[in-house]
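There are 2 protein chains.
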Amino acid sequence: MTDYSSAIEKYTPSSEERKKLSSISDKARDFIDSYCSSEGIDADAVLVGSVAKGTNLKGADLDLFIRFDRKYSRKEMETLGLDIGHKVLSNGIERYAEHPYVTGFMEGVKLDLVPCYRILPGQKKVSSVDRTPLHTEYVKTNLDRSQLSDVLLLKVFAKSIGVYGSEVTTSGFSGYICEILVIEYGSFVNVLKTFAGWKGSFKLGKNEYVGKFRDPVIIIDPVDDDRNAAAAISRENLSRMILASKLFLKGKEKDFFNLERPMGPFKRDDRGTAIRIFSVPRPDLIDDVIYPQALRMKNSICSILEREGFEPMDSEVEVSDRVRILIECRRDRPPAFVLHRGPPVDSDNVLDFIETWRHRDVLRGPYIKEDRLYIDLKGGRKSIEEAVLGDIGPLNIGKSLNRYKREIGIESPDLSAEDPLLQRFLARGLF
Amino acid sequence: MTDYSSAIEKYTPSSEERKKLSSISDKARDFIDSYCSSEGIDADAVLVGSVAKGTNLKGADLDLFIRFDRKYSRKEMETLGLDIGHKVLSNGIERYAEHPYVTGFMEGVKLDLVPCYRILPGQKKVSSVDRTPLHTEYVKTNLDRSQLSDVLLLKVFAKSIGVYGSEVTTSGFSGYICEILVIEYGSFVNVLKTFAGWKGSFKLGKNEYVGKFRDPVIIIDPVDDDRNAAAAISRENLSRMILASKLFLKGKEKDFFNLERPMGPFKRDDRGTAIRIFSVPRPDLIDDVIYPQALRMKNSICSILEREGFEPMDSEVEVSDRVRILIECRRDRPPAFVLHRGPPVDSDNVLDFIETWRHRDVLRGPYIKEDRLYIDLKGGRKSIEEAVLGDIGPLNIGKSLNRYKREIGIESPDLSAEDPLLQRFLARGLF
Numbered sequence: 005m006t007d008y009s010s011a012i013e014k015y016t017p018s019s020e021e022r023k024k025l026s027s028i029s030d031k032a033r034d035f036i037d038s039y040c041s042s043e044g045i046d047a048d049a050v051l052v053g054s055v056a057k058g059t060n061l062k063g064a065d066l067d068l069f070i071r072f073d074r075k076y077s078r079k080e081m082e083t084l085g086l087d088i089g090h091k092v093l094s095n096g097i098e099r100y101a102e103h104p105y106v107t108g109f110m111e112g113v114k115l116d117l118v119p120c121y122r123i124l125p126g127q128k129k130v131s132s133v134d135r136t137p138l139h140t141e142y143v144k145t146n147l148d149r150s151q152l153s154d155v156l157l158l159k160v161f162a163k164s165i166g167v168y169g170s171e172v173t174t175s176g177f178s179g180y181i182c183e184i185l186v187i188e189y190g191s192f193v194n195v196l197k198t199f200a201g202w203k204g205s206f207k208l209g210k211n212e213y214v215g216k217f218r219d220p221v222i223i224i225d226p227v228d229d230d231r232n233a234a235a236a237i238s239r240e241n242l243s244r245m246i247l248a249s250k251l252f253l254k255g256k257e258k259d260f261f262n263l264e265r266p267m268g269p270f271k272r273d274d275r276g277t278a279i280r281i282f283s284v285p286r287p288d289l290i291d292d293v294i295y296p297q298a299l300r301m302k303n304s305i306c307s308i309l310e311r312e313g314f315e316p317m318d319s320e321v322e323v324s325d326r327v328r329i330l331i332e333c334r335r336d337r338p339p340a341f342v343l344h345r346g347p348p349v350d351s352d353n354v355l356d357f358i359e360t361w362r363h364r365d366v367l368r369g370p371y372i373k374e375d376r377l378y379i380d381l382k383g384g385r386k387s388i389e390e391a392v393l394g395d396i397g398p399l400n401i402g403k404s405l406n407r408y409k410r411e412i413g414i415e416s417p418d419l420s421a422e423d424p425l426l427q428r429f430l431a432r433g434l435f
Numbered sequence: 005m006t007d008y009s010s011a012i013e014k015y016t017p018s019s020e021e022r023k024k025l026s027s028i029s030d031k032a033r034d035f036i037d038s039y040c041s042s043e044g045i046d047a048d049a050v051l052v053g054s055v056a057k058g059t060n061l062k063g064a065d066l067d068l069f070i071r072f073d074r075k076y077s078r079k080e081m082e083t084l085g086l087d088i089g090h091k092v093l094s095n096g097i098e099r100y101a102e103h104p105y106v107t108g109f110m111e112g113v114k115l116d117l118v119p120c121y122r123i124l125p126g127q128k129k130v131s132s133v134d135r136t137p138l139h140t141e142y143v144k145t146n147l148d149r150s151q152l153s154d155v156l157l158l159k160v161f162a163k164s165i166g167v168y169g170s171e172v173t174t175s176g177f178s179g180y181i182c183e184i185l186v187i188e189y190g191s192f193v194n195v196l197k198t199f200a201g202w203k204g205s206f207k208l209g210k211n212e213y214v215g216k217f218r219d220p221v222i223i224i225d226p227v228d229d230d231r232n233a234a235a236a237i238s239r240e241n242l243s244r245m246i247l248a249s250k251l252f253l254k255g256k257e258k259d260f261f262n263l264e265r266p267m268g269p270f271k272r273d274d275r276g277t278a279i280r281i282f283s284v285p286r287p288d289l290i291d292d293v294i295y296p297q298a299l300r301m302k303n304s305i306c307s308i309l310e311r312e313g314f315e316p317m318d319s320e321v322e323v324s325d326r327v328r329i330l331i332e333c334r335r336d337r338p339p340a341f342v343l344h345r346g347p348p349v350d351s352d353n354v355l356d357f358i359e360t361w362r363h364r365d366v367l368r369g370p371y372i373k374e375d376r377l378y379i380d381l382k383g384g385r386k387s388i389e390e391a392v393l394g395d396i397g398p399l400n401i402g403k404s405l406n407r408y409k410r411e412i413g414i415e416s417p418d419l420s421a422e423d424p425l426l427q428r429f430l431a432r433g434l435f
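Going down the list, the sequences are from chains A and B.
Using my numbering, you'd call the opening residue of the first sequence number 5 and step up by one each time.
Using my numbering, you'd call the opening residue of the second sequence number 5 and step up by one each time.
Some hints could be false.
Since the list gives no way to pick one copy over another, a pair counts as held whenever it fits inside one copy or between any two copies.
[Stated by the list, open to error] The list that follows gives simulated cross-link-like pairs (lysine-lysine, DSS-like), each with its CA atoms no further than 27 Å apart:
1. K271 with K382
2. K302 with K24
3. K14 with K114
4. K256 with K409
5. K197 with K207
6. K62 with K14
7. K271 with K373
8. K382 with K256
9. K373 with K197
10. K14 with K24
FYI, nobody ran anything at the bench for these hints, they're computed from the structure.
Given the sequences, and given the hints that come with them, work out the whole structure.
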């Protein structure tokens, strides 16, 4: 079995780092609390996230929430929140998630200052961030000190197999999910044993709540029965967790706690397929907004390629400087003819079918095969480029990407190119 | 509606022809009867087939059966039968169907002299030809004189759409089936109305007998409840009969009584596929023996082509001077890789699968997609010719064709070639 202690040592923050984080968050919190008090604002600061819970890995950010009383309107809260943020972080910039917040650096540590409403467990939230302080409370109350290293191991494990993080681009396990799992199953190893033996969709929570969801992973939020805390996790990432757990428990993989693993070896052999990379400029919006649109663009292009007979088989999406979509097709020219299946000869519309097709320009037929009519139709003669650029017009590829429809770049990548997207595609392995 | 009278006139034998057939068959029968009587052989001659029933088209052959008493052994019957045959036909040659018979010409008319046993309706037959005289009797008794022209029309109709004849190469409607259908439904038009409205498999006869068969067309033999008289008819020929009946009754096709219709127009456009003609010498055996073996050879070759990734789509078989099989494949090179689907990640054998494949020379993987493992395997690099000649060895392509396995000829036909097999393939239409 793997040596846990070295992994723990490697990724646990040093006592210096802890002290520094503690001192920065105290300083910021004290500043906010006294500022609010002197200005007569009914709000207080609270440290949330992994540092607050003691489950942070080395190099974690600080998340400080500014909790406003519910008497403030949304607009007031946002204005006051940004105001306070800029007071704390002179170098801060504004970002927008569900509502605006200020982010910046203090003594070299990244600090997010997020306004929210103060709610109690069971109270109706106004925005989803209002729930975060409750999550922090729940974990602080229920996670034993001795289990902190189990959460850390689980996070590192999930990270090393590429399933850590609830952002849309990862669709993986959040830190909070890792904490819930350790609280529920007791230890890192028990969590892995649970996944290793799991069949089908993963479910955790009372049946009456679990039954409301259809996601691949359903973990009812301990502070909100109506919420699936694991809604972000994709089927594929559940598969990765199950398989990695099996392999780890059998001692089959060499190192599940190495976050700097290089890309696996891969072949640049001719795949005998048609690989294209479709790209558009990346709009100035966060990944979580762009990524679903990139998937939509991918699906639109694939549906065109499918219809035109190029037989798309596989794909890979990248959202970085540009939105880039790699699609592998079985063929780069559509088939010269398409077999068109007509009705059975004993059906009522068989004569209409013959009448319809008899005088059209078909390659062969109508003819009888077994109990049906068939026609050999001439296939399309478009290239992949012509098909996609010609047919994408009426399709919706996402609110922010639609404007680039007419300028989709299409390249046929050289398999030997040093392109991370292409390399990730070629190197695809288990994790 | 079509002018029946001209069709009837065109294909009905003249009175001279009738007289001639009658005179020849009388002569042969009298000769056999008196020969048997003088030699003390308990056998008599009986005219069977269409001429005996008055349902013959122009240019029909004569079938004379020599009925032996059942006291003779099979060997005795065969020897005596051939003996008598050669006495009647000095130019006769021996042929072998279920047992040997003599065939030859008398005054320019082809005459088959077939030995059989004399049985009564319901009596157990020894060989299938013993039943033929009973068929003749049944039709003579049950078919009204006024229906003779209906049988003639039905035969010509079936012939013109290519479904007349119960030989294996045709797999169509025999003359006897045409007669049964007219007896059952009353007239040519009623038979067509029946087919035009038929759904699914065709069934005629009492349920208790029909239920024993699984053929596409089931017509219980009126002289033998345990026999499907229509067993030879293929699904495709039933389809042709159904569709032709619909078209005829709607007056949609110009001429269903023209037996000299030229091959329909066809295109020699590039089909973008790989067409090959595989051929072996034709053994000196009748079509009914060779044809099923040709189908077996076709299936063997198709299974190799399928397995090696050439994607066979369609075929055409010809048994003439050689046995020739045209096969159309989607591609003439196998794909460079094959997607190999592994087990679901939550199954018990998933680790074995990884162990098995991890160190093999694969193009990519194992990797996870949705809830399963996949591998991209390198595809074959064989040509169609290499694949078929290399892999046909262990396969059985039929008793008489196996000896030619190593010398299968393979040609890539030029689409503009004047090859009847290729042309039939390209011209494939409704009938």
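query: Going back to the hint list, which numbers does this structure go against?
result: Failing hints, ascending: 2, 4.
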